[in-house]
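A.B. asks: Residue strings, one per chain:
There are 2 protein chains.
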Amino acid sequence: MKNFEFCVGTDIVFGRDTEKYLADKIRPYGKKILMVYGGGSIKKNGLYDKLMKILEEYEIYELSGVEPNPRIESVKKGADICREKNIDLVLAVGGGSTLDCSKAICAATFYNGDPWDLVVRKAPIEKALPLATVLTLSATGSEMDAGGVISKLDTNEKRGFGSPLLLPKVSILNPENTFTVSEYQTASGSADMMAHIFESYFDKEKVFIQDEFAEALLRAVIHYAPIAVKEPTNYQARAELMWASSLAINGILGTGKNDNWTVHSIEHELSAFYDITHGVGLAILYPRWMRYILSENTLDRLHRFAVKVMGVPDGDDKEKVALNGIEALEKFFFETLNLPSNLTELGIGRENFKVMAEKAVQIGSLSNGYVALTPDDVEKIYEMCL
Amino acid sequence: MKNFEFCVGTDIVFGRDTEKYLADKIRPYGKKILMVYGGGSIKKNGLYDKLMKILEEYEIYELSGVEPNPRIESVKKGADICREKNIDLVLAVGGGSTLDCSKAICAATFYNGDPWDLVVRKAPIEKALPLATVLTLSATGSEMDAGGVISKLDTNEKRGFGSPLLLPKVSILNPENTFTVSEYQTASGSADMMAHIFESYFDKEKVFIQDEFAEALLRAVIHYAPIAVKEPTNYQARAELMWASSLAINGILGTGKNDNWTVHSIEHELSAFYDITHGVGLAILYPRWMRYILSENTLDRLHRFAVKVMGVPDGDDKEKVALNGIEALEKFFFETLNLPSNLTELGIGRENFKVMAEKAVQIGSLSNGYVALTPDDVEKIYEMCL
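Sequence lines, in order, name chains C and H. Numbering follows numbering that gives the first Met the number 0, in which position 221 of the first sequence is assigned residue number 220; successive positions increment by one, without gaps. Numbering follows numbering that gives the first Met the number 0, in which position 79 of the second sequence is assigned residue number 78; successive positions increment by one, without gaps.
For the record, the hints were derived by calculation from the structure and aren't laboratory data. Among the hints, a few may not be true.
[To be verified] Simulated crosslink set (EDC-like; lysine to aspartate or glutamate; CA at most 20 Å straight-line):
id, chain 1, residue 1, chain 2, residue 2
1, C, Lys30, C, Asp48
2, C, Lys49, C, Asp23
3, H, Lys205, C, Glu175
4, C, Lys1, H, Asp16
5, H, Lys307, C, Glu214
It should be emphasised that the depicted structure is a prediction, and the values quoted were computed from it without experimental measurement.
Using the sequences and the accompanying hints, generate a full structural model.
C.D. replies: Structure follows, in structure tokens:
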């Protein structure tokens, strides 16, 4: 086990009707709130009105229309409001995109230059507004971690950023707020969670507890995602998925590990160039990546994954079992969850693969991954996704 | 899944030589430190000298000799020093007893009455000194939770207390600091961890993720405790046990559950009356409690425990499998870990069982447990332990 630091003090308030605690929880930070949200689904499902009533003692400003792959322009808009109105706290109401955008706003408020500098680490994040979140989509885990991802469409860039200052102070996790999430979003959110878990699970460092926790979370998602897709108001399924989304990426699974996040770097180039749903990109990439890296060195782990996670019967031919596991994962993503199974379906061709592969390797330091990858390797993996 | 709140912001710094970060980590709190420790093993193994060097910029006062079941008298002594010397932070160096005593000192410093009032909740904990810990024994999980247990020998009382104010600000978890822990203490510490996990695992509320996390942690302890006993300087074994001790009781396993802690309440009376090692009391009690509560209502869970945790082969006769699981647990505690297997061995007879049983039921609210227990039930369980 490698040395590690783990410090995640977000106050998680989980369960039915837990929005009612929000007014008390954020009171220490001040009266002026910037509420950030996305396309307006919270107005349709009643959450917006509910929160407005709960927060009636506060002075609330709003930034709506945050994009699915949130853009640096929204960050700028939000930071401008925060500075202009002397905002005390940012309240993100939505899924990972809204939360990530809000984190960038919290940091950008105190930075005089171009906020993109903070995302690409050209400037350090030295101060940030406090953040509270009300989660409406189980996927990215942004509700209990200190990072986010922001896109810059004009230069086809999508980059991860983070700072302990951006950890939400409080996150309200009411599974009922995900009852109206569509089949497609439930499925791609679940694929996203599984991908987060994979990033820690496929690691050169083997650790008993963290590996078994990862398997437990994967089994939970595999069990409950299809139930949530079929029965969107099944509370137990929505609750298990919501708690899984937080535990998948709050850092516990990565403790004592290298935590290299190879496939996320490969996917970020896809979303950056084509603005696709992150979870869908990950679902398409992961089984191909597994096939590509399967070798003597990775066989033990892929075999274990097949048996313990995908429930494939064990057998004498370990490689065959491992391949059956990858096939079972494909079936889960593309049949059970009914996600798009290749890039062609999304209208994506090979025209940018070379430059995307180069950027992925450089930005993600893929030479240090679970299996070291060159731009040539990554290009081949993209090709397998067509 | 029941509603829950989870908020554990302790900064865990885990791994080899991580004491070196301590001076920086505690600097925000002030210069005057009360270092609390036990019988002096940290002087023999060099940890005391190492810390003194690392903390040379600080003004350090000391309270040594904290007892294995820490007593209210030590709490009073520590609080007196804190008030007299205007201490800024308490640094606990030791195992759960030292940490628990330190937590009580942190709270008692700001309370003018008898500190026992805080333990028995006659007075609320309203303010506390910040606490840092350097862990030297993997067992109680006090390094990452907000509670503790204090004893009052003259009245045979042993009581749990807690407050979010008592959560350590930083905990240094260097598995090497447990290399010198004896076979007996390693074994009883491991039994203690398992007992913590059992308290959440045997619960009326079934939750997929938390139940599987519990099983993973139990398997980790069962795998690594015998290795640590045989090879005390095996880093991987000591590291897995150390991280297991924190994860077993930091609250994650209890999220969404009732979390009633029945058997701990029954054990506390044993330690209170006879000052025995907590983990040993729990190891003796748990298999008897399991046999006593085995019924149609609990069969599924005890059967699952047998198969998934104890590795007992499954079979058609579920009750037989469950009983085999309990037997496997007894073998693990009393043969593999070589712990005392009954109360008679410890010189304990039935003379106080009646009063102990009554106190356990009342203090632990055992009528609300996984299986409701009356004083008569608890007395019978004690009898089974003779």
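A.B. asks: Now tell me if each hint is right for this structure.
C.D. replies: Each hint, compared with the structure:
| no. | hint | verdict |
| --- | --- | --- |
| 1 | Lys30(C) <-> Asp48(C) | 18 Å, holds |
| 2 | Lys49(C) <-> Asp23(C) | 15 Å, holds |
| 3 | Lys205(H) <-> Glu175(C) | 19 Å, holds |
| 4 | Lys1(C) <-> Asp16(H) | 12 Å, holds |
| 5 | Lys307(H) <-> Glu214(C) | 14 Å, holds |
When each numbered hint is compared with the structure, no violation occurs for any of them.
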